[in-house]
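Engineer: Quick mapping for you: the protein sequence lines, in order, are chains A and B.
Each residue of the first sequence is one higher than the one before, counting from 1 in our numbering.
Each residue of the second sequence is one higher than the one before, counting from 130 in our numbering.
A few of these clues could be false.
To be verified - Chain A stretches covered by chain B per the calculated footprint, using a threshold of three residues with CB under 8 Å from any CB of chain B:
#1 32–38
#2 79–91
To be verified - Cβ-Cβ distance ranges computed for the label pairs, FRET-style:
#3 B/Pro177 x A/Gly51: 13 to 23 Å
#4 A/Ile14 x B/Val157: 35 to 45 Å
#5 B/Ser192 x A/Gly20: 35 to 45 Å
#6 B/Ile215 x A/Ile122: 31 to 41 Å
#7 B/Val160 x A/Val29: 20 to 30 Å
#8 B/Gly137 x A/Gly20: 32 to 42 Å
#9 B/Val214 x A/Gly96: 21 to 31 Å
#10 A/Leu71 x B/Leu239: 16 to 26 Å
#11 A/Ala114 x B/Ala150: 32 to 42 Å
#12 A/Val61 x B/Trp168: 21 to 31 Å
#13 A/Thr100 x B/Ala154: 24 to 34 Å
Hint data in this document are derived by calculation from the structure and do not stem from the laboratory.
C-beta: ideal position from N, C-alpha, C; glycine also.
So the chains spell out like this:
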Amino acid sequence: MPARARPTSPHWQIYRWQIGNSLSILHRVTGALLALGLIALSYWFVSLAGGADSYAAASRVFANPLGLLVLVGWTFAFLFHLLNGVRHLFWDAGRGFERTERHAGGWFAVFGAAALTLGVWIWVWHHLS
Amino acid sequence: MSLRSPLGRVLGMGSAKDGTAHWWAQRVTAVALVPLTLWFVISLLALPGLDYDTVHAWASLPSSGFLSSLLVAVLAYHSYLGTIVIVEDYVTSILPKIVSLLLLRFAYVLSGGACIFAILRVAFGFSRL
Numbered sequence: 001m002p003a004r005a006r007p008t009s010p011h012w013q014i015y016r017w018q019i020g021n022s023l024s025i026l027h028r029v030t031g032a033l034l035a036l037g038l039i040a041l042s043y044w045f046v047s048l049a050g051g052a053d054s055y056a057a058a059s060r061v062f063a064n065p066l067g068l069l070v071l072v073g074w075t076f077a078f079l080f081h082l083l084n085g086v087r088h089l090f091w092d093a094g095r096g097f098e099r100t101e102r103h104a105g106g107w108f109a110v111f112g113a114a115a116l117t118l119g120v121w122i123w124v125w126h127h128l129s
Numbered sequence: 130m131s132l133r134s135p136l137g138r139v140l141g142m143g144s145a146k147d148g149t150a151h152w153w154a155q156r157v158t159a160v161a162l163v164p165l166t167l168w169f170v171i172s173l174l175a176l177p178g179l180d181y182d183t184v185h186a187w188a189s190l191p192s193s194g195f196l197s198s199l200l201v202a203v204l205a206y207h208s209y210l211g212t213i214v215i216v217e218d219y220v221t222s223i224l225p226k227i228v229s230l231l232l233l234r235f236a237y238v239l240s241g242g243a244c245i246f247a248i249l250r251v252a253f254g255f256s257r258l
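Build the full structure now, drawing on both the sequences and the hints.
Structural biologist: So, in structure tokens, the structure goes:
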């Protein structure tokens with residue numbers, strides 16, 4: 001036994017959830033989801049190379065309600081990962097560490113990604129369907 | 130004189146001598162992916178439709194084939210760098226870690242390779258009509 005108890009760090013569940021740690025987790029989660037999206041992208045290009053019939057089959061997979069839901073999710077994941085990734089690049093350059101900058105940047109990434117996702121799918125609805 | 134123990138040397142513990150290489154490659158690919166992914170998304174959204182003939186004509190353009198191949202190569206590498214860190218963080222026992230890292234590598238080469246091969250088939254006019 002040591003003469004007196006050594007200081008320990010509080011258990012991680014003690015800490016209050018904040019935008020910083022939430023978006024850090026979301027960045028990793030969206031990155032992992034986008035890794036699965038790479039398989040879908042490969043499937044789409046392979047179906048295109050396979051000809052009209054295989055492309056039509058892939059289109060049916062993507063266009064069913066569940067497929068569309070996943071595509072909307074991937075759109076948000078991509079846009080958030082993109083915007084939040086730019087925040088990371090700013091930090092790597094040694095900028096944007098002030099509290100207000102971090103918070104504003106974080107909310108910008110979340111709401112920016114949500115707004116752009118909406119914009120992309122309104123565009124798809126009007127021009128491509 | 131080295132202070133490392135013979136056991137440590139045999140187990141391959143200690144500095145890998147390339148501490149910043151992974152981190153730096155992640156950033157370089159991130160910067161490259163900003164224009165590449167935006168080009169891909171905007172090009173698809175700008176098409177008059179996503180039917181086979183339209184998409185096939187777009188993918189047959191030299192610029193589409195070239196930039197799509199680059200996109201998939203850089204995307205696969207960036208995604209690979211990210212997902213191996215997730216495995217390294219959460220898979221703690223040595224054998225499952227080695228096996229999952231190996232499978233992950235194979236999956237990326239397989240998926241990315243198939244995708245680039247499909248893109249080149251369309252670009253060089255070898256896809257089925």
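Engineer: If a hint holds in the structure, say so; if it does not, say that too.
Structural biologist: Status of the hints after comparison with the structure:
Only residues whose C-beta sits within less than 8 Å of a C-beta in chain B count toward coverage, and the segment 32–38 of chain A has 4 of them, enough to reach three; the restraint holds. Proximity of the segment 79–91 of chain A to chain B, defined as three or more residues with a beta carbon under 8 Å from a beta carbon of that chain, is established by the 5 residues found. Against the hinted window of 13 to 23 Å, the Cβ-Cβ separation of B/Pro177 and A/Gly51 comes to about 21 Å, which satisfies the hint. Take A/Ile14 and B/Val157: their Cβ atoms lie about 37 Å apart, and the range 35 to 45 Å holds.
Hint check: B/Ser192 to A/Gly20, Cβ distance near 40 Å, so the stated range 35 to 45 Å holds. At about 33 Å, the beta-carbon gap between B/Ile215 and A/Ile122 stays in the expected band of 31 to 41 Å. A C-beta distance of roughly 22 Å is found between B/Val160 and A/Val29, which places it inside the suggested range of 20 to 30 Å. Taking the beta carbon of each, B/Gly137 and A/Gly20 are about 37 Å apart, inside 32 to 42 Å as hinted.
Range check, B/Val214 to A/Gly96: Cβ separation about 23 Å, and the 21 to 31 Å hint holds. Separated by about 23 Å at the C-beta atoms, A/Leu71 and B/Leu239 satisfy the suggested range of 16 to 26 Å. Hint check: A/Ala114 to B/Ala150, Cβ distance near 35 Å, so the stated range 32 to 42 Å holds. Evaluation of the 21 to 31 Å hint for A/Val61 and B/Trp168 yields a pass: the beta carbon distance comes to about 25 Å.
Between A/Thr100 and B/Ala154 the CB atoms are about 32 Å apart, so this pair conforms to the stated range of 24 to 34 Å.
Checked against the numbered hints above, the structure breaks none of them.
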